[in-house]
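Enquirer: Following the hints, position chain D with the ligands against chain V.
As you go down the protein sequences, you meet chains V and D in turn. Take 1 as the starting number for the first sequence in my numbering and just add one per residue. Take 1 as the starting number for the second sequence in my numbering and just add one per residue.
Just so you know, these hints were derived from the structure itself, not from any lab. Don't take every hint at face value.
As the list claims (entries may be wrong) - A partial selection of chain D residues facing chain V, derived with a Cβ cut-off under 10 Å:
1) T14
2) N15
3) E19
4) W70
5) G91
6) R133
7) T472
For glycine and all other residues, C-beta sits at the position ideal for the given N, C-alpha and C.
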Amino acid sequence: MGKELLTVTERGIYCEAGDFFIDPWRPVDRAIVTHAHSDHARWGMERYLCSDESLLVMRRRLGDEAKIDSVPYGEVLTWNGVKVSLHPAGHILGSAQVRVEHNGQVAVVSGDYKTEADTTCTPFEPIKCHLFVSESTFGLPIYRWSPQEEVYADVNAWWRSNQAQGKASLLLGYALGKSQRALSGLNPEIGPIFLHGAVQGLTEDYRAQGVQLPPTKVIGEAEGKFDWSQAMILAPPSANGTPWVRRFGDHSTAFLSGWMAIRGARRRRAVDRGFVLSDHVDWPSLLSAIKATEAERVWVTHGYSATVVRYLQEQGLDAKVLETEFEGEQDDAAVEEVSE
Amino acid sequence: MKRFAELYAAIDATNKTTEKVQAMVEYFKSAPPEDAVWTVALFTHRRPKRAVNSTRMQTWAAEMGGIPNWLFGECYDAVGDLGETISLVLGESSLGEPAPLHEWMEQRLPELARIPEEQQREKLTQYWRELDRAGRYALNKLIGGSFRVGVSQELVIRALSIASEVPAPTIAHRLMGDWRPTPAFFQALFDGDTQGSNISCPYPFCLAHSLESSLLQLGSIEDWHADWKWDGIRAQLVRRDGQTFVWSRGEELITERFPEVADIGTWLSDGTVLDGEVLAWQDDKPRKFLDLQKRIGRKTVGKKLLQEVPVQFVAFDILELDGVDVREEPLSMRRAKLTQVCDANIPNLRISPTVTAESWDDLAAIRETARDRNVEGLMLKRLDSPYLVGRKKGLWWKWKIDPLTVDAVLIYAARGSGKRASLYTDYTFGVWDGDKLVSFAKAYSGLSDEEIRKVDAWVRRNTLEKFGPVRTVTPELVFELAFEGIQLSTRHKSGIAVRFPRIARWRQDKPKEEADRLSDIKAMLLENGG
Ligand SMILES: [Zn+2]
Ligand SMILES: [Zn+2]
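One chain only, chain V, in its complex shape (with noise of 0.2 Å):
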């Protein structure tokens, strides 16, 4: 067998051939950025290569003085005779898979990724290859999502129950991704929606972006001493228990997030209540997906990978668990923060 086509340095994933990294996790010269997720954008890369739908978010996070190049999905660049190209990952707002060509080896590296389609992005694609880098932040079988509709109809309703209490809101989700996503299923015939201002400036990209969302307020535009009973506030989970929240009076809080899945998750969380809704595939679509890739070879990073790799290897695939800084592992605050 002759080179593998990538490798995993200190750096992080490396593609020898075309000479670049895939969310490096130190400084490289050449990074292409699966999405614009905390532990996958990091700073202090000489370049990036993102999505053009990414790039909005991406230039938020990183900040002005970066040197982002976008490309669509789709559209192929070759570097030292290596095809490289993102396809759509479905996770967030410009998520990518990124395809790479070499010598007739393909290899697909997934990023995060999620294959229920909604409307904040553009809906993951299979991609045929004989390798697949795939996550596996969900990788048991006890991960089994509802559809998403179900959640919305489920957080609509927790919402009006709210409202009828004289309560207000407070649903908490990390402020790239799963906000929009939790915007994008409410009711704005229900109430007054209101940004923390962490979720704000994202929002504001996805919809220059081109995503469709409810139309929402910031928390500084309500005057005075507004009535918050009726209203719905998305925020980050670090918000929860802060001075902040003590401006909407009495409120009831929610928090959206694969982990809540598990009663001891929701029981843990100082929340009201748990909505389980997640931007990562769960354990049938994990393995569907990586069934749909025909790929010979599977190697799994951050979530279960160990469990996941056994599994598949049962069944019959080459597969192996991949050691990255990806921090997709504890079911806790911080692994909410950064993973989802």
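Expert: Showing chain D with the ligands alone in chain V's frame:
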């Protein structure tokens, strides 16, 4: 089963008492009686026996989910609960309308326990297929022998009372003893006719607030009646139709525990209800609560204990006389009636004497003797006050001598050190702030070895969560805490700082709702210049 599973999930999804009650009220209002009655049974500690052993459940679930056993094991590790793991790995697959709860309880589960393994497998996997995730979770709990629900009996009673508009004590009474979960029983439970049939029923207790303002604001002392605040078990003595019933404030029937008090009933005329306190009594003086405690835990009492710790009933109010509800009459009139009843020299019955004083100052001086009398302080009641339901402000006050005790609820337990390292002996206690318990003090000592063992066993059975060495427990047990010092503090989350807290006693007589409220403690501290 669908409704039941939804209710079970709704109760689990919230930690707010009001929301749990609300969910139950809606359920009890809408569920068919033949199902609702089973829910009442299950929620009031009638736990079903294990019908299928857990190894089998695990194996069949893995098979049905199409995953190897080792992978099921990984899932179980991640979830920590077998019933939940099974409900999750099988995904959503419900097929139509599942059977109603009573069919499960009366036919399916008993059958499941009876049939041989191969048939069990067939049935159970069919049931799993039939139910959605929530239903499957509820079913697994019902057949796994570990059915628990996050509501106390009192909350169930409260919800039934709201749903049926029947007073809570009536519901409580109707739920007592041995009953079968039949639709007829449920209808009887909801029967609005609370007269007649229900001869044992006590009245809702009238409760007092801690005195929070200056005595002078109470106005003239002449408008007030004072008597001692006894340190025993608050109880109602009910005599009707030739039968006697003694009810604790927790709406528990304690007639058999205190035969001396029950005997008083034989001297009373039918249609008499007295409110008072059961006290261990010796030499014309109540004994310390600690002595009475020896009697509390025992359902039946032997001769020896009866001699060692005899009790008396000290009556301070009369609620019914000659079958007539007299609660609306002013206290002065009720006292006159009570005096007549108690003047008959009935063994073990005494009236709580009026404490007379010329002025508030004199009364304050008399109050200082409370400790020597083994009482907690004084009760102040307006002479024109009716006997109200619950805790209304302004008419009845308790004026305790010692502000240094607080009734608090056990919320966390940790292992001790040294020879107690294997036991849960380090406790954190909470008091009420609205409908939440806020952590307030930690205490390590004060219980007897026997009590420690009991609490330890209870903690293990009632753990909600584990964080390293610390367990979060179901808020249920109430303890009286004593302190060297207690004062207001802005540095503590609860707003109160305590010094050298210790457990004064285990208040097995108190339901958790009766633990102290943060606002009352603060008011008391302000009053005492804390
Ligand atoms: Zn991500
Ligand atoms: Zn990630």
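Enquirer: All hints are to be evaluated individually against the structure, with a verdict given for each.
Expert: The hints, checked one at a time:
Hint status for T14 of chain D relative to chain V: holds, with the closest Cβ pair at about 6 Å, below 10 Å. Below 10 Å, beta-carbon pairs count as interface contacts, and N15 of chain D has one with chain V at about 8 Å; its hint therefore holds. Against a cut-off of 10 Å between C-beta atoms, the interface hint on E19 of chain D holds, since the closest Cβ of chain V lies about 8 Å away. Taking 10 Å as the C-beta contact cut-off toward chain V, the hint placing W70 of chain D at the interface holds, the least distance being around 8 Å.
Of the supplied interface hints, the one on G91 of chain D holds, with its beta-carbon coming within about 4 Å of a beta-carbon of chain V, less than 10 Å. With a least beta-carbon distance of about 9 Å to chain V, the hint placing R133 of chain D at the interface is held under the 10 Å criterion. With a least beta-carbon distance of about 9 Å to chain V, the hint placing T472 of chain D at the interface is held under the 10 Å criterion.
Checked against the numbered hints given earlier, the structure satisfies every one of them.
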